[in-house]
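Student: Work out the full structure, taking the sequences as your base and the hints as a guide.
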Amino acid sequence: MNVQRPQPPTNWTGIYNATFPRDYCLQFSHTPAYAIRGSEDCLYLNLYRPMTNYTNQTKLLDVIVFIHGGAFMFYGSRNFKSVELIKKNFILIAFNYRLGPLGFLSTGDDVVPGNMGLKDQVAVLKWVQENIGHFGGNPNSVTIGGMSAGGASVHYHMMSPLSKGLFSKAISHSGVATNPWSLAEAPRQKTERLAAALNCPTANTTTLIACLKSKSGKDIVSKVPLFQDFLYAPFSPFGPVIEPAHAENAFLTQFPWLAQHNLTSRVPWLVSLTTGEGLYPAAEFIGNEDFLKKLDSNWNAMAPHLFEYNYTVEESKKNEVSEKIKRLYFQGKSIHESPKQLVELLSHRHFETGIVFSTRWFAGPLVRVSCENCQERNNNSDCTGPTYKPQVYVYKFGYSGNCTGSQVFNFTDKSYGVNHGDDLLYIFDNRLFDNSANDKDKEMKERMINIYDSFIRKGNPEFASVIPLAPVEKKGDGVTMLHISAPDNVTQVVEDIGNEYHWYFSMKDHDCITCD
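UniProt numbering numbers the first residue of the sequence shown as 1 and each following residue consecutively.
Hints are computed from structural coordinates only; laboratory data are not their basis.
Heads up, simulated EDC-like pairs for lysine to aspartate or glutamate below, C-alpha to C-alpha not over 20 Å straight-line:
no.: 1; residue 1: K318; residue 2: D229
no.: 2; residue 1: K87; residue 2: D453
no.: 3; residue 1: K458; residue 2: E446
no.: 4; residue 1: K442; residue 2: D488
no.: 5; residue 1: K87; residue 2: E446
no.: 6; residue 1: K88; residue 2: E443
no.: 7; residue 1: K442; residue 2: E84
The model shown is predicted, which means the values in this text are computed figures rather than measured ones.
Tutor: Here it is, written out as structure tokens:
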């Protein structure tokens with residue numbers, strides 16, 4: 001097991017063979033068949049550029065660096081290439097980073113402070129600054145983008161001093177750092193539990209880590225199911241952590257709800273969500289009535305894991321919180337009779353509340369609603385934040401085409417909205433799209449590529465040349481967003497999403513349910 005910071009690549013002699021994609025980082029993946037896959041030798045990037053003689057080009061090309069999703073636990077970079085973006089004369093880079101316990105294990109002290117996976121990402125951004133000119137790219141025009149955990153990573157880079165000056169624009173699809181799964185709870189406790197499962201001592205940090213280093217990566221990754229009590233929930237048991245303030249080369253030393261008060265990279269930010277975000281993870285079980293009945297009868301035991309408050313609400317209050325959530329969303333009905341409400345609940349808790357809070361905060365000054373409960377444990381008394389107002393844009397994707405990511409899991413023919421991250425099917429190359437796209441799907445792809453093209457070149461995203469996205473304004477309770485229903489059906493709306501009042505105010509008496 002390697003818990004060190006990423007090291008610069010060594011030089012080679014002769015011609016380096018970069019014509020094939022490298023393996024995923026070692027992971028326990030619940031797709032497609034709950035298997036261990038990948039390699040520890042995985043820190044590679046894939047670079048795509050137009051097939052032109054860049055030694056003679058007169059203008060440096062804009063660069064897109066894309067961070068894959070997968071809950072900080074699984075997936076990889078090889079699926080993120082886009083012929084259409086390359087045709088627009090962009091350089092596109094996608095890369096792997098360490099995942100799960102191999103990328104985010106932490107002892108909570110200086111021995112292994114954590115966030116190795118995020119530091120892998122920083123290493124890529126530094127490599128781009130130092131080398132992209134050799135490929136005809138512009139180091140002063142680097143846009144970082146990501147989906148789900150990748151979108152949250154983008155948000156984290158806007159907070160981290162290690163990433164300052166390494167990019168000029170940011171795109172977060174279906175994920176931000178203030179989503180509850182974006183910060184791992186109880187990292188030291190999980191490290192000790194992992195060590196005990198591998199027969200390693202836990203009393204002393206140094207001996208604990210020495211023992212874990214003697215284990216194979218596969219042995220370590222094989223223990224991931226111990227931390228996922230309900231299917232694969234919580235789906236990010238190992239992820240970003242708050243490092244000690246004095247830790248060397250620390251990526252994050254503040255709770256993200258506080259760190260976003262003083263962003264180190266205040267750049268134009270494009271954020272997206274879909275109409276059915278909660279289909280991750282609901283698509284896997286929403287059509288299984290027996291499973292929904294099990295969730296109904298074991299609600300108080302399962303809900304804290306599924307909705308990410310097992311570590312943040314006191315044991316004596318968990319049942320009360322669980323029952324309050326159930327009453328609000330299901331109104332006395334059984335869960336197996338209310339799958340739509342379950343998807344809505346998952347959408348609100350895991351995605352929409354964090355997105356609405358962070359984009360509104362980014363758009364203007366906003367008092368931190370959970371401040372009095374959280375400032376003490378984070379040793380931060382400044383809860384008012386700056387009065388800085390950069391540009392942030394939001395779109396909500398509601399177009400249901402011939403292909404959708406939920407097809408991989410969904411065991412029902414009913415529709416509960418557009419799946420988590422489905423807008424990327426219209427930006428990146430995908431076999432689902434290639435095999436089933438109709439003319440309307442292809443038109444939608446042109447429009448979605450135009451959003452990227454206009455935002456990266458000008459900082460102002462446009463769905464079409466006459467349909468710009470309006471920036472988010474801090475007015476009232478809603479978020480300004482472009483609602484995309486079809487290539488010829490888009491509306492600019494101010495929408496109140498995520499049931500913000502419930503998660504930020506009515507739960508306030510239960511300590512930090514919205515916090516860490």
